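Heads up: the protein sequence lines correspond to chains Z and W, in order. Letter by letter, the first sequence follows residues 9 to 374 of our numbering. Letter by letter, the second sequence follows residues 179 to 259 of our numbering.
It should be emphasised that the hints constitute simulated quantities derived from the structure, not laboratory data. Among these hints, one or two may not hold up.
[Unchecked claim] Computed footprint of chain W on chain Z; a stretch qualifies when at least three of its residues, placed anywhere within it, have a C-beta under 8 Å from a C-beta of chain W:
no.: 1; segment: 68–78
no.: 2; segment: 117–126
no.: 3; segment: 205–211
Predicted, not measured: the structure shown is a model, and the values here were computed from it. Glycine included, C-beta positions come from ideal geometry on N, C-alpha and C.
The primary structure of each chain is shown beneath.
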Amino acid sequence: MRPADVVAAVSGYGLPGSAPLPDQPVDQATWRGVLELATGDRVTPLLADAVADGALPTTARQHEQAVMAHEQTMRLCVLLERSLLDVTRELAGAGIGYRVLKGAGVAHLDYQSPAQRAFGDVDLLVPSAEYDRALGCLIDSGARRRYTEVRPGFDRRWGKGACLVLADGTEIDVHRTFVAGPFGLTIDLAELFRFTATVSIGGRELPVLDRESRFLHACFHASLGDRTPRLVALRDVAQMILTTDLDRDEALERARRWRADAVVARAIRLAWSRLGLETTPILEWASAHRPDRFQARALRAYTAPSRSYATQVVAGITAVPGVPEKVAYMRALLLAEPGHLAQRDGSYHRRIHRAWRAYGSTRSSR
Amino acid sequence: MLWRDGEFGVVLLPPGSREPKTLTGTGRALWQALARPMTAEELAAELAATFGTDAARVGTDIAPVLDELRSMGALVEVPAP
Chain Z
9 MRPADVVAAV SGYGLPGSAP LPDQPVDQAT WRGVLELATG DRVTPLLADA
59 VADGALPTTA RQHEQAVMAH EQTMRLCVLL ERSLLDVTRE LAGAGIGYRV
109 LKGAGVAHLD YQSPAQRAFG DVDLLVPSAE YDRALGCLID SGARRRYTEV
159 RPGFDRRWGK GACLVLADGT EIDVHRTFVA GPFGLTIDLA ELFRFTATVS
209 IGGRELPVLD RESRFLHACF HASLGDRTPR LVALRDVAQM ILTTDLDRDE
259 ALERARRWRA DAVVARAIRL AWSRLGLETT PILEWASAHR PDRFQARALR
309 AYTAPSRSYA TQVVAGITAV PGVPEKVAYM RALLLAEPGH LAQRDGSYHR
359 RIHRAWRAYG STRSSR
Chain W
179 MLWRDGEFGV VLLPPGSREP KTLTGTGRAL WQALARPMTA EELAAELAAT
229 FGTDAARVGT DIAPVLDELR SMGALVEVPA P
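Bound conformation, chain W alone (with noise of 0.2 Å):
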C-alpha cells in the first residue's frame, strides 16, 4: 500500500490501482489508529475516546470504512493472537 498522511487525510493508492483515493475527516485518525493491529471494537472504542463520543456510534460509522478499506486491499485482517 502506498500513502502520505496530511492535513488533507490520508491519500491512499492500493494495490494494483491507479486511481488514489483520500480518506478524509475522521478518516485519518482511523488509518493512524490503524497503524497497530487491532480488532474493530478496539479501533471504535480508541475513536471514541479520541474525539469523545459513543462507542457503538462510531463502530456503527466506521463499518463501512473498514469494509472499503478491506476491499481495495488497504486492510488486511488477521487471526488474533
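Pulled out of the complex, with its shape left as it was, chain Z reads as follows (with noise of 0.2 Å):
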C-alpha cells in the first residue's frame, strides 16, 4: 500500500465498516511518509491507536515513532487548550459572547477520548455585533492581525472572520461564519448561538454549538474549507455519524435552511470515499443529492481548480440580499485596502482581473 493508502485508511480506523488496513509491518520508506502523512492531516492519534491495539502491524521501531508523534501532538493540544482558556477568559471578561469551534470542543464532546482528536490552532465563533469588539479585546491584550481587513466594516458585516496571532506563534481564528463566501453568508448566525452545548476544559465549562451544528461546521470545513481536505476534517464529519447520537434530520433541516445541504452532501461523499468507508444509508442520501441552482454555482467557487478566496468572496455576492447591499458588497471588494490587496493577492490589478473573471467563470458555467 502507499503511504496515502495506509493514513486514509488509519484514519477510518475504529469506525464501523472501516477499510482494512496493511497486515505486516510497511517498509520503512513507507512508514516515514505514513508519519509524514499522518502528522499534516492531523490523524497521528489514530495511528497510534491503530499500532497500540495491534490493528496495524509495526517493527518495534516504528511502533515507538508512533507513540512519540503522538505524543508530540498532545503536547500541543494542551498548549492550546491553554491559550484558549486564556483568549476565552479576555472575551467572558470583556462580556462578549463566544462559541468554542472545531478541535477541543469535537476533541472532548464527539471523540471517545479527547486524545483522539488533534488540532493545530483555536477558533472562536464570536457574534456579528460583537465582532469588532471581540477583536478590539483580543488585539488590545497581545493578539494581532495576521490579514489586514478587505475594507473597515467589511468583515462584521461579510467577511468569515479574522487570524489573530498570539505573542507565542498561536492562531487563533476569530470567526463570524463558518466560511468565506456564499456559503458563508447564507447560515443563519443567530441560530448557531440559540443551539448550544458546553465542554468542559481545564476546569472550566466553555460554550460550544451543540452536536448538530458542530456537525454542520465539521461538513462545511470538510468540503468547502481546503482544496484536499484534511483527514481529520472527514474524520470529523464520519465520527459524527458513525459514532454520536447525532440528530441526522434536524442537522439536515437545519442545512437546507442555510441553502446548505449540498455541502453537507459532499462532505459525506468525500469522507466516506476517501476513508474507504463502507456503504451506509447517509451516503445513497448523499449520492443522490442533487444541488440546486444557487448551490451547485456557489459549490464551484470553492471546488472549481480556480478556487481562491477572491473566488469565494466575489461569488458571495450571490448570497448578499437586495441591490444596495449588493452594490455595498461589491464596492468594498473593488476599493479593497492596499495592505489586504500587498497580503492577499500582490496588486490591485490583479485583484480586480481575478475577482471578475471568477464571478464570470461562475456564471457561464451554470
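Work from the hints to combine the two standalone chains into their complex.
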C-alpha cells in the first residue's frame, strides 16, 4: 500500500465499516511517508491507536515513533487549550459572547477520548454585533491580525472572520461565520448562538455549538475549507454520523434552511470515499443528492480548479440580499485596502482581474 | 489541569505553566487511579495490586511523584471525609 492509502485507512480506524489496514509492517520508506502524512493530516492519534491495538502491525521502531508522534501532538493540544482558556477569559471579562469551534470542542465531545483528536489552532465564533469589539479586546491583550481587513467593517458585515496571532505564535481564528463567500452568508448565525452546549476544559465550562451545528461546521470545513481536505476533517464528519447521537434529520433541516444541504452531501461523499468506509444509507442519500442552482454555482467557487479566496468572496455576491447591499459588497471588494491587497493578491489590478474572471466563470458555467 | 492520556503516558500542563510534562511508565496508572480521591496508602495498595508487588515498596516509589504533582498543582489534597 502507498503511504497515502495507509493513512486514509488509519483515518477511519475504529469506525464501523472502516477500510482494512496492512496485515504486516510496511517498509521503512513507506512508514516515513505514513508518519509525515499522518502528522500533516492531524491523524497521528488514530495512527497511534491502530498501532497500540495491534490493528496496524509495526516494527518495534515504528511503534515507538507512532507513540512519540502522538505525544508531540498532544503536547501541542494542551498548549492550545491553555491559549483557548486565556483568550476566552479575556472575552468573557469584556462581556463578549462566543462559542468554541472545531478542535478542542470536537475532541472532548465527539470522540471517545480527547486524545484521539489532534488540532493545530484555536477557533472561536463571535456574534457579528460583537465582532469588532472581540477583535479589539484580543488585540488589546497582545494579539495581532495576520491579514488586513478588505475594507473597514467588511468582516463584521460579510466576512468569515480574522486570524489573530498571539505573542507565542499561537493562531486564534475568530470567526463571524463558518466560511468566506456564499455559503458563509446563508448561515443563520443567530441560530448558532441559540443551539448550544458546553465543554469542560481545564476545570472551566465553555460554550460550544450543539452537536448538530458542530456536525454542520465539520461538513463546511471538510467540503469547502481546503482544496484537498485534511483527513481529520473527513474523520470528524464520519465520526459524528457513525458514533454519536447526532440528530441527522435536525442537522439536515438546518442545512436546508441555510441553503447548504449540498455542502453536507459533498462532505459525506468525500469522507466515505477518502476513508474507504462501507456504504450506509446516509451515503446513498449524499450520492443521490442534487444541488439546486444556487448551491451548484456556489460550490464551484470552493471546488473549481480556479478556487481562491478572491473567487469565494466575489461569488458571495449571489448570497448578499438586496441590490443596495450587493452594490456595497462589490464596492468594498473593488476598493480594497492596500494592505489587504498586498497580503492577498500582490496587486490591485491582479485582484480585480482575478475577481471578475472568477465571478464570470461561475455565471457562465451554470 | 490540562492533560491527555495515551500509550506515551500522560501529558500534563499545570495551571500557569507553558511547558507540558509527561508522566511515563507507571505514572500513567497512577494518574488514572487518581481520577478518584484516595489516600496515598490506598493509592499504593491499588497500584501494588495492579502490578503484583509490595504496597510499602510502591508507597516509597510514588512519594516523590506525588510531591511533584502537588508542587505542579496537578494534585490537590483534601481533608478525609
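Ascending list of hint numbers which this structure does not respect: none
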